[in-house]
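Hey, can you work out the whole structure from these sequences and the hints?
Last residue of the sequence shown: 117 in this note's numbering, with the numbers rising by one and none dropped.
Be aware that a few hints might be false.
[Said to hold, decoys possible] Label pairs and their in silico Cβ distance ranges: (1) Gln8 / Thr104: 47 to 55 Å; (2) Thr66 / Asp88: 29 to 37 Å; (3) Phe106 / Cys36: 54 to 62 Å; (4) Gly21 / Gly91: 43 to 51 Å; (5) Gly102 / Cys41: 43 to 51 Å; (6) Asp62 / Asn87: 53 to 61 Å; (7) Asp83 / Met22: 32 to 40 Å.
If you're looking for bench data, these hints aren't it; they were derived computationally from the structure.
Quantities reported herein were computed from a predicted structural model and do not represent experimental measurements.
Just so you know, even glycine gets a beta-carbon here, dropped at the ideal spot from N, CA and C.
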Amino acid sequence: AIIIGAGQAGPPLAGRLTAAGMSVALIERKLVGGTCVNTGCMPTKAMVASAYAAHLARRAADYGVTLSGPVGVDYKAIKARKDKVSNDARGNLESWIAGMDGCTLFRGHARFETANT
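Structural data, given as structure tokens:
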């Protein structure tokens, strides 16, 4: 089987097909994991979580918590955490794909040459 794209649907499909004994060529032109892992859901939610933590810290007194000084935000640390979340998820997905017997990941742009190929 040939699967074009290693985003949200490609790797699970490859897993099911290889589990059924099929050989799979998984083709990805950019980053494994697609938009969600690399630029969408996961990095966005990581940054939102940091913003929420800062929000709660600023409202600490509402919860009976006392802070000794103002709450600071380290944007470089937030970006580093966001990048780590995406990189770890992508790395785990790549490891899972690499461990699939019968699945080969090809890096490149896939396209159909004609209507019959």
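Quick rundown of the hints versus the structure:
1. Gln8 / Thr104: 47 to 55 Å: For Gln8 and Thr104 the Cβ distance comes to about 20 Å; the hint is violated.
2. Thr66 / Asp88: 29 to 37 Å: With a Cβ separation near 34 Å, Thr66 and Asp88 satisfy 29 to 37 Å, so the hint holds.
3. Phe106 / Cys36: 54 to 62 Å: violated (21 Å)
4. Gly21 / Gly91: 43 to 51 Å: At roughly 27 Å between Cβ atoms, Gly91 and Gly21 fall outside 43 to 51 Å, so the hint is violated.
5. Gly102 / Cys41: 43 to 51 Å: Cβ of Gly102 to Cβ of Cys41: about 29 Å, so the range 43 to 51 Å is violated.
6. Asp62 / Asn87: 53 to 61 Å: Check failed, 35 Å falls outside 53 to 61 Å.
7. Asp83 / Met22: 32 to 40 Å: holds (35 Å)
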